[in-house]
Amino acid sequence: MAVNMTWISDKKLTWYESVCMNVLKTGQVPRHVAFIMDGNRRYAKRNHIEKTEGHARGFTKLSETLKWCRDLGVTEVTVYAFSIENFRRPQSEIDGIMNLAREKFELLLKERDKLSEHGVCIRFIGDLSLLPADIQRQTAEVMLMTRNNKAARLNIAFSYTAREEISRAVRDVAAGVSDGHLWSSDVTERLVEQCLYTRESPRPDLLVRTSGEVRLSDFLLWQTTHTCIFFTEVLWPDFSIWHLFSAVFTYQRNYDVIQAARADRSLRRLQHSTDGLLPGTARPSDSMTRPGDSAGESLDSTDSDSECAADDRVDSASQSAAAQKRVQSFLSHLDAARWGRLESLVAEGS
Amino acid sequence: MKQLLYSLLLKLLHLLFTCAELVYGAVQRLMWQFSRVPVTPPLADICANGQQLAKRPEHLGVIIVEKDICWQTLADIILWSTAYGIHYVSLYDRSGRVRAGSEQQLRPHLERRRRALFGAVPCTVSLMEGGAEPGPTANGHSGDGDGQYHVSVALLWEPDGVGDMVAAARRLCSEVASGARRADSIDRHMFGDQLRAAAAWPDPALAIKLGPVRALLGYLPWQLRLTEVLDAPPRRPLLYRDFHRLLTAYGGIQQRMGT
Numbered sequence: 001m002a003v004n005m006t007w008i009s010d011k012k013l014t015w016y017e018s019v020c021m022n023v024l025k026t027g028q029v030p031r032h033v034a035f036i037m038d039g040n041r042r043y044a045k046r047n048h049i050e051k052t053e054g055h056a057r058g059f060t061k062l063s064e065t066l067k068w069c070r071d072l073g074v075t076e077v078t079v080y081a082f083s084i085e086n087f088r089r090p091q092s093e094i095d096g097i098m099n100l101a102r103e104k105f106e107l108l109l110k111e112r113d114k115l116s117e118h119g120v121c122i123r124f125i126g127d128l129s130l131l132p133a134d135i136q137r138q139t140a141e142v143m144l145m146t147r148n149n150k151a152a153r154l155n156i157a158f159s160y161t162a163r164e165e166i167s168r169a170v171r172d173v174a175a176g177v178s179d180g181h182l183w184s185s186d187v188t189e190r191l192v193e194q195c196l197y198t199r200e201s202p203r204p205d206l207l208v209r210t211s212g213e214v215r216l217s218d219f220l221l222w223q224t225t226h227t228c229i230f231f232t233e234v235l236w237p238d239f240s241i242w243h244l245f246s247a248v249f250t251y252q253r254n255y256d257v258i259q260a261a262r263a264d265r266s267l268r269r270l271q272h273s274t275d276g277l278l279p280g281t282a283r284p285s286d287s288m289t290r291p292g293d294s295a296g297e298s299l300d301s302t303d304s305d306s307e308c309a310a311d312d313r314v315d316s317a318s319q320s321a322a323a324q325k326r327v328q329s330f331l332s333h334l335d336a337a338r339w340g341r342l343e344s345l346v347a348e349g350s
Numbered sequence: 001m002k003q004l005l006y007s008l009l010l011k012l013l014h015l016l017f018t019c020a021e022l023v024y025g026a027v028q029r030l031m032w033q034f035s036r037v038p039v040t041p042p043l044a045d046i047c048a049n050g051q052q053l054a055k056r057p058e059h060l061g062v063i064i065v066e067k068d069i070c071w072q073t074l075a076d077i078i079l080w081s082t083a084y085g086i087h088y089v090s091l092y093d094r095s096g097r098v099r100a101g102s103e104q105q106l107r108p109h110l111e112r113r114r115r116a117l118f119g120a121v122p123c124t125v126s127l128m129e130g131g132a133e134p135g136p137t138a139n140g141h142s143g144d145g146d147g148q149y150h151v152s153v154a155l156l157w158e159p160d161g162v163g164d165m166v167a168a169a170r171r172l173c174s175e176v177a178s179g180a181r182r183a184d185s186i187d188r189h190m191f192g193d194q195l196r197a198a199a200a201w202p203d204p205a206l207a208i209k210l211g212p213v214r215a216l217l218g219y220l221p222w223q224l225r226l227t228e229v230l231d232a233p234p235r236r237p238l239l240y241r242d243f244h245r246l247l248t249a250y251g252g253i254q255q256r257m258g259t
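Residue numbers (full-length UniProt numbering), protein chains in the order written: chain A, 1 to 350; chain B, 1 to 259.
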């Protein structure tokens with residue numbers, strides 16, 4: 001079977017797929033879609049092929065799915081490629097997955113021009129220190145290579161679990177307090193979120209899990225509290241554009257109620273902010289809606305970034321200017337440290 | 001012109017789906033009205049059903065994402081779980097309606113349904129908010145769990161989710177600031193121990209979602225790591241056979257734990 005050896009598929013849609021896509025696009029389209037790409041091994045068993053071939057076909061499906069998302073207007077995709085828990089698999093399977101990863105990440109490096117042309121920024125999220133050194137260097141190189149691409153972002157969760165992500169973010173914040181960059185009173189939900197691997201990204205609007213499993217498996221637990229979740233029985237290598245259309249249609253049908261819940265949440269955080277009011281800061285009541293306003297309208301729930309903006313308003317309402325300055329300085333310092341580590345990795349390898 | 005046509009087509013599709021859902025719902029309600037309501041089996045049969053399950057969750061979550069709360073359903077789920085030997089049940093409603101209605105609504109329903117199902121058999125139900133100490137129980141006992149049947153019920157809302165994690169982060173940072181703790185001592189094991197919602201409870205192995213919304217709306221995100229999420233059928237009050245089917249379906253799920 002010919003394998004599609006590219007991250008940027010240019011496979012054309014059929015006319016009826018195009019029509020359906022154009023119909024869907026006139027409604028709400030999720031800006032950020034997350035995928036738990038489950039079912040490669042069961043697919044391999046069902047089709048009497050090796051597990052590594054099943055994973056390879058899973059990659060082909062990923063490439064196709066990214067194309068469909070681009071065509072739909074989805075600007076950010078996060079995929080769960082490899083969990084920290086997956087290190088418990090037989091060594092031969094892990095070696096096979098790592099070899100596949102090497103091959104695909106090398107391909108990313110070769111497709112630099114295509115990635116630039118499409119403006120795709122790639123980010124690997126997870127505890128990359130658990131990966132073989134050469135793969136760490138590859139991931140660092142890819143992230144540095146694409147950091148200035150702004151049109152779309154692909155987050156590849158590799159050696160990732162949400163609990164590791166959250167506890168690491170809290171550890172980073174605590175280190176900031178220990179080093180004197182932050183005060184403990186500066187700690188807010190927004191600050192912790194800005195220290196997660198998915199910082200700067202809007203929360204996923206839609207989460208798709210294939211293979212019939214109905215759990216999140218330690219994936220984006222913080223980020224998906226108010227995300228439309230679509231579970232489907234199909235195995236990942238069999239995932240089709242029609243399954244994606246179903247997921248987006250489901251998102252549209254749940255859009256209003258989920259947006260209302262998101263807006264409600266931001267409003268409640270504003271009203272019950274536990275950050276404490278400091279002299280000279282805006283009182284929460286100044287930012288609350290007037291009676292008769294709908295929470296959705298005042299928080300501009302038509303924009304999927306509105307939650308981030310609302311979170312910023314919560315923080316601004318309760319933090320002093322000095323606190324905001326400390327937080328910004330800390331985040332810049334953290335960001336610089338992260339990019340510095342990536343640059344060191346690449347420099348070591350060259 | 002094409003865009004207008006596509007837009008109309010999409011609106012028509014959504015309208016058709018909405019109509020289909022309404023018609024289906026109406027037909028279902030009619031059928032329920034005119035069909036015989038299956039009788040809830042006696043306690044001994046329910047207990048036997050529970051024993052026969054391939055596996056039981058230690059902690060059952062109930063995520064309420066529907067507009068109207070059916071208090072009888074919540075009371076029944078608590079009591080059936082008790083009969084199954086499930087000792088922890090968390091009820092989650094993001095806006096806190098369950099917490100607010102626990103005295104006026106939930107307790108009376110619990111007491112009525114407990115008398116109907118358990119009769120004179122001792123049954124201890126401890127209601128608590130978030131991670132608070134257990135309060136007086138529905139049957140007036142002190143909740144020390146010395147009856148054969150006992151369950152702790154956590155009444156949770158949105159601040160028990162991400163808010164709890166942020167509060168834990170703040171506490172840890174205060175300890176670091178005071179020198180009582182090192183920042184690098186924070187890992188995923190110790191952070192989980194800092195959370196107060198359903199503190200010291202096992203993670204929910206199963207969550208039953210009540211309502212059609214395809215989202216969890218903030219239910220215990222940290223604890224939800226490996227939770228199986230199953231949708232309850234729309235009928236209210238929920239029938240025992242539907243509860244049993246959900247638990248049976250859960251029993252058939254195999255978790256590979258990453259392997």
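The hints are simulated quantities; they were obtained by calculation from the structure and are not laboratory data. No experiment lies behind these values; they were computed from the predicted model shown. You may find that some hints are simply not true.
Pulled from the structure, derived: some chain A residues nowhere near chain B, Cβ distances all over 10 Å [to be verified]:
#: 1; residue: K25
#: 2; residue: R147
#: 3; residue: R163
#: 4; residue: E200
#: 5; residue: L221
#: 6; residue: A261
#: 7; residue: R269
#: 8; residue: V346
Derived SDA-like pairs (lysine to any residue); straight-line CA-CA distance at most 25 Å [unchecked claim]:
#: 9; chain 1: B; residue 1: K67; chain 2: A; residue 2: S18
#: 10; chain 1: A; residue 1: K25; chain 2: A; residue 2: F245
#: 11; chain 1: A; residue 1: K325; chain 2: B; residue 2: E175
#: 12; chain 1: A; residue 1: K45; chain 2: B; residue 2: K11
#: 13; chain 1: B; residue 1: K11; chain 2: A; residue 2: S92
#: 14; chain 1: B; residue 1: K11; chain 2: A; residue 2: V214
#: 15; chain 1: A; residue 1: K25; chain 2: A; residue 2: L72
#: 16; chain 1: B; residue 1: K2; chain 2: A; residue 2: S18
#: 17; chain 1: B; residue 1: K2; chain 2: A; residue 2: S246
#: 18; chain 1: B; residue 1: K11; chain 2: A; residue 2: T26
#: 19; chain 1: A; residue 1: K325; chain 2: B; residue 2: K11
#: 20; chain 1: A; residue 1: K150; chain 2: A; residue 2: V214
#: 21; chain 1: A; residue 1: K12; chain 2: B; residue 2: Y6
#: 22; chain 1: B; residue 1: K2; chain 2: A; residue 2: K325
#: 23; chain 1: B; residue 1: K55; chain 2: A; residue 2: V214
#: 24; chain 1: A; residue 1: K25; chain 2: B; residue 2: L8
#: 25; chain 1: B; residue 1: K2; chain 2: A; residue 2: R268
#: 26; chain 1: B; residue 1: K11; chain 2: A; residue 2: K150
#: 27; chain 1: B; residue 1: K67; chain 2: A; residue 2: A260
Glycine is no exception: its CB is placed at the ideal position from the N, C-alpha and C atoms.
Against the structure, the hints come out as follows:
| no. | hint | result |
| --- | --- | --- |
| 1 | K25 | violated (8 Å) |
| 2 | R147 | holds (27 Å) |
| 3 | R163 | violated (4 Å) |
| 4 | E200 | holds (18 Å) |
| 5 | L221 | violated (4 Å) |
| 6 | A261 | violated (5 Å) |
| 7 | R269 | violated (8 Å) |
| 8 | V346 | holds (26 Å) |
| 9 | B/K67 / A/S18 | violated (37 Å) |
| 10 | A/K25 / A/F245 | holds (10 Å) |
| 11 | A/K325 / B/E175 | holds (23 Å) |
| 12 | A/K45 / B/K11 | violated (41 Å) |
| 13 | B/K11 / A/S92 | violated (51 Å) |
| 14 | B/K11 / A/V214 | violated (30 Å) |
| 15 | A/K25 / A/L72 | holds (6 Å) |
| 16 | B/K2 / A/S18 | holds (13 Å) |
| 17 | B/K2 / A/S246 | holds (22 Å) |
| 18 | B/K11 / A/T26 | holds (9 Å) |
| 19 | A/K325 / B/K11 | violated (47 Å) |
| 20 | A/K150 / A/V214 | violated (33 Å) |
| 21 | A/K12 / B/Y6 | holds (20 Å) |
| 22 | B/K2 / A/K325 | violated (50 Å) |
| 23 | B/K55 / A/V214 | holds (17 Å) |
| 24 | A/K25 / B/L8 | holds (12 Å) |
| 25 | B/K2 / A/R268 | violated (42 Å) |
| 26 | B/K11 / A/K150 | violated (32 Å) |
| 27 | B/K67 / A/A260 | holds (13 Å) |
In summary, the structure is inconsistent with hints 1, 3, 5, 6, 7, 9, 12, 13, 14, 19, 20, 22, 25, 26 from the numbered list given earlier, while agreeing with the others.
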